[in-house]
Amino acid sequence: MSVAFSVDEVSVRIGDATLVDRVSLDVEHGEIVALVGPNGAGKSTLLGVMAGDRTPSEGRVTCDERAITQWNALELARHRAVLPQDNHVAFSFRVREVVDMGRAPWRGTADEEDDDAAVATAMAEADVTHLAERTFTSLSGGERARVSLARVLAQRTQALLLDEPTAALDLKHQEDVLKVARAQARAGAAVVVVLHDLSLAAAYADRIAVMERGTLAALGAPRDVLDAHMLERVYGVPVRVLDDPDGTPIVVPVR
Amino acid sequence: MTDVAAAKADAPASAAAGRQRGRWRAPVLLAALTLLLVLGMIASAGVGQLTVSVTEVIGALLQGIGVDTSWAPATDVTYQALWQIRFPRVAMSLAVGAALAIAGAVMQAIFGNPLAEPGVVGVSSGAALGAALAIVSGGVFAGVFGMAAMAFVGGVGATLLVYFMARSQGRTEVVTLLLTGIAVNAFAGAGVALVIFIGDSAAREQIVFWQLGSLNGSRWNEVAVVASLTLVAGSVAFALARRYDLLALGERTAGHLGLRVERLRVISIIVVAVLTGAAVAFAGIIAFVGLVVPHAVRMMLGPAHKMLLAGSLLGGAVLMVWADLFARTAVTGAELPIGLLTSLIGGPFFFWLLRRARSRQGGWA
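These protein sequence lines map, in sequence, to chains A and B. Read left to right, the first sequence gives residues 1 to 255 (the working numbering). Read left to right, the second sequence gives residues 1001 to 1365 (the working numbering).
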């Protein structure tokens, strides 16, 4: 599989603060990489750099082997979709209209014919079909997050950058969202997802990147990365790494 | 169990019904507005010191464009009165109403805030300052185009100021927006006062009355300026309608969807300033039209901008033509300034909107 995102020695500094410190990370098409780490470790900043929102102070980012600065906004929109951490919608647009906005990059192309199908599929995958006629502003936090995910899926891109897609979700929908992400990856998409639940990351991600104060503390397959000593150092709380009967690691704090 | 199953089966059906409702709503509203507009135009042309019958209004209109009918007015006086006084005034009210309503809708789109309005945030007073300077300076600026140009310059200045002062991190908080509006209004108001202070008495009188807002004495060459500017800037707004929808997701997300936010912003600021400047230059300050009309349309047709702009265009024209008719005829022998009238209605409406916004956001400090 080819490399979708290549982050090469990237640093982001604002004033005196170093948010991301010389991070290198390649994400390939067909895999899910989970970004984990404590609050303020630089996960969202790194995701912003990969999305092209932020210009790194040092280092370079390439998207399908072309420097991200060489892409224009529309090309990027057809290549990758981004789910931000908080999702506002000004004015009371209906859920269907919001999801349909995800089709905007394809307007005027041959893919425009797929609009209805893409929107319907995306809404089914995010389990928001029953909310279609509700206004976005009337939804609960979890419902908003799922509608925003549907918007991102409707964009039908080869790369997905998801910033805490499971934060406001109940148990079932957390699993559903990550199953959708996995299905996307199996279909060839590159998926980068910021998560807080390490067990969830272990169950669904192909690789986990652990961030610690702007640097990459560890990167690799869940089984290799989730080491109790390293996690205790990064998070500042003692943890136990257990084995689920199916073989995936489970991380729980020592209480 | 059966209830749940029934409810589930019902859900898609009611959703489909909802879509059906939405589908006939827009044409019905637009048709109703068009009807109100035509009625208003005929009424406004017919009612006044000289009463003209409906048939005569239509007859004169046809005669003017070269079609002779039996409905043509009996006397030349009536014909001249209609074509030189009433018709240009009606046409001006349509153009000004449409311009202000579209300007309001565009402004709300780029601020992502239903309280943004040219009058409230000070764009109108900025334009007024420009126009007042044009009146008092005389010479080249005193003409029709000079006033429009100066009003435009003032409008652009005020819009830019508000835009960059009131936004932080891609969002506009209500409080910041309104406080910025207060500051801009105060400054522009002081500027106009200074201009009045240094102007001669003729210029003073002209500025004072013009500032109250009136469509009195509209001439065809002025109508042509306002109408053509409204047409051009309005067309640009319509072309951008889908992009304004995306902007509702926030600047960052809109950017992720391929929108060039910065460029859209700059174009929109020019659109708002042209529309407001055109309206203010000849009709004075007529506030709240850009607030009330888009809001009412949004409540009926939803926030999608294509319909919102179409509804605002018609709604603004309707509101203005009827308000002008009322302003002309409510008090016998005198004419109410139309700006006074719209503020009288718009002020309380603004209070209500403000309270609603406040309760939605859980209050603000």
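Hints are computed from structural coordinates only; laboratory data are not their basis. Since the model is a prediction, treat every value here as computed from it, not as a measurement. The reader is advised that the hints may include incorrect statements.
Said to hold, decoys possible - No farther apart than 20 Å at their CA atoms in a straight line, the calculated lysine to aspartate or glutamate pairs in the EDC-like style are these:
| no. | chain 1 | residue 1 | chain 2 | residue 2 |
| --- | --- | --- | --- | --- |
| 1 | A | K179 | A | E125 |
| 2 | B | K1306 | A | E133 |
| 3 | A | K179 | A | D197 |
| 4 | A | K172 | A | D127 |
| 5 | A | K179 | A | E133 |
| 6 | A | K172 | A | E125 |
| 7 | B | K1306 | A | D115 |
| 8 | A | K179 | A | D21 |
| 9 | B | K1306 | A | D246 |
| 10 | A | K179 | A | E164 |
| 11 | A | K172 | A | D246 |
| 12 | B | K1306 | A | D127 |
Said to hold, decoys possible - In silico negatives: residues of chain B with every beta carbon more than 12 Å from chain A:
| no. | residue |
| --- | --- |
| 13 | P1088 |
| 14 | A1186 |
| 15 | A1193 |
| 16 | S1201 |
| 17 | L1247 |
| 18 | G1255 |
| 19 | V1261 |
| 20 | S1343 |
The beta carbon of each residue, even a glycine, is placed where N, CA and C say it ideally should be.
Okay, the hints, checked on the actual structure:
This hinted pair checks out: K179(A) and E125(A) have alpha carbons roughly 9 Å apart, not beyond 20 Å. Proximity of K1306(B) to E133(A) is assessed by CA-CA distance (about 19 Å); at most 20 Å being required, the pair is judged to hold. Of the pairs offered as hints, the one joining K179(A) and D197(A) holds, with about 15 Å between alpha carbons and a cut-off of 20 Å not exceeded. Using a Cα cut-off of 20 Å, the hinted pair K172(A) and D127(A) holds, with the two alpha carbons roughly 11 Å apart.
Pair hint K179(A) plus E133(A) does not hold up; C-alpha atoms about 26 Å apart against a cutoff of 20 Å. Proximity of K172(A) to E125(A) is assessed by CA-CA distance (about 13 Å); at most 20 Å being required, the pair is judged to hold. As the CA atoms of K1306(B) and D115(A) are separated by approximately 19 Å, the hinted pair is consistent with the 20 Å bound. Distance check on the hinted pair: K179(A) and D21(A) sit about 32 Å apart at the alpha-carbon level, beyond 20 Å; violated.
Using a Cα cut-off of 20 Å, the hinted pair K1306(B) and D246(A) is violated, with the two alpha carbons roughly 53 Å apart. A hinted pair counts as satisfied when its Cα atoms are at most 20 Å apart, and K179(A) with E164(A) qualifies at roughly 15 Å. For a cut-off of 20 Å, the pair hint linking K172(A) to D246(A) stands: about 19 Å separates their Cα positions. For the proposed pair K1306(B) and D127(A), the alpha carbon gap of about 29 Å is over 20 Å, so the pair is violated.
For P1088(B), the condition that its CB be more than 12 Å from all CB atoms of chain A holds, with the nearest at approximately 37 Å. Under the 12 Å C-beta cut-off, the non-interface status given to A1186(B) relative to chain A holds; the minimum distance is some 28 Å. No Cβ of chain A approaches the Cβ of A1193(B) within 12 Å, the least distance being about 36 Å, so the stated non-interface status holds. Interface exclusion of S1201(B) from chain A stands, the closest Cβ pair being 48 Å apart, more than 12 Å.
Listed as a non-interface residue, L1247(B) fails to keep its Cβ farther than 12 Å from every Cβ of chain A; the least gap is roughly 8 Å. Residue-level check failed: G1255(B) sits 6 Å from the nearest beta carbon of chain A, not beyond 12 Å. Not every CB of chain A is more than 12 Å from the CB of V1261(B) (nearest about 9 Å), against its label as outside the interface. Distance check for S1343(B) against chain A: the nearest CB is about 25 Å away, which clears 12 Å, and the non-interface claim stands.
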